Amino acid sequence: NAGVTQTPKFQVLKTGQSMTLQCAQDMNHEYMSWYRQDPGMGLRLIHYSVGAGITDQGEVPNGYNVSRSTTEDFPLRLLSAAPSQTSVYFCASSSALFPSSYNSPLHFGNGTRLTVT
Amino acid sequence: GQNIDQPTEMTATEGAIVQINCTYQTSGFNGLFWYQQHAGEAPTFLSYNVLDGLEEKGRFSSFLSRSKGYSYLLLKELQMKDSASYLCAVRGLLPSGGYGGSQGNLIFGKGTKLSVKP
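For the record, the sequence lines run as chains Z and B.
Take 765 as the starting number for the first sequence in the numbering used here and just add one per residue.
Take 11 as the starting number for the second sequence in the numbering used here and just add one per residue.
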């Protein structure tokens, strides 16, 4: 049981380049989300999804797109990378529509460390 | 608006007890979570409180007072491996600013870095 798998683990981009961060989970979770983590800022929600075909914006959505064509996959697209997007990105999923209770906390992937030069 | 406050750093001694506080001001409170995050790794779930009181789970306990907007994580019999960041997260509405305001997502504090010394 792999849990939440993120690829790549590390990535360096030049300003203006685009790329997709991949996230897949094999736990049949309905809820999936993307967070970014910056020093001194904590985890901030970028986008989330409560099921296939349903996505919504989080706290810091600008510069990012998402789609949810299947229950398993929730890719995050950077449209035109900027140095301000240098961060560690975490994908997380939960069995409930939203994380709640002991039985449905967030399960995090191991993160993608992105540097934009 | 919403705010979650935790101390930035704490230091404690192996074998001791440490209490990490978290205060929050949020809309539509629906539970408080604590996560542990070792350096360079993903956060992992520790505890969940939705009603007032203490939840005990081995060496770790978490307390919640909804009327005071206050929680703490208590770590007993500290071990070196407990050196990590501890993240307080509240389930509720996100800050405004172009967001639809749907309840249910987790809002995280900035985390408390705990260093356990021998």
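By construction, these hints were calculated from the structure, which means they are not laboratory data.
Keep in mind it's a predicted model, so treat the numbers as computed, not measured.
There may be inaccurate statements among the hints.
To be verified - Derived lysine-lysine pairs resembling DSS-like cross-links, with alpha carbons at most 27 Å apart:
(1) B:123 with B:78
(2) B:86 with B:67
(3) Z:773 with B:67
(4) B:78 with B:120
(5) B:67 with B:123
(6) B:78 with B:127
(7) Z:773 with B:123
(8) B:67 with B:91
(9) B:91 with Z:773
Worksheet item: Going through the earlier hints one by one, which of them does the structure break, listed in rising order?
Response: As far as the earlier hints go, 3 and 6 are violated by this structure, in ascending order.
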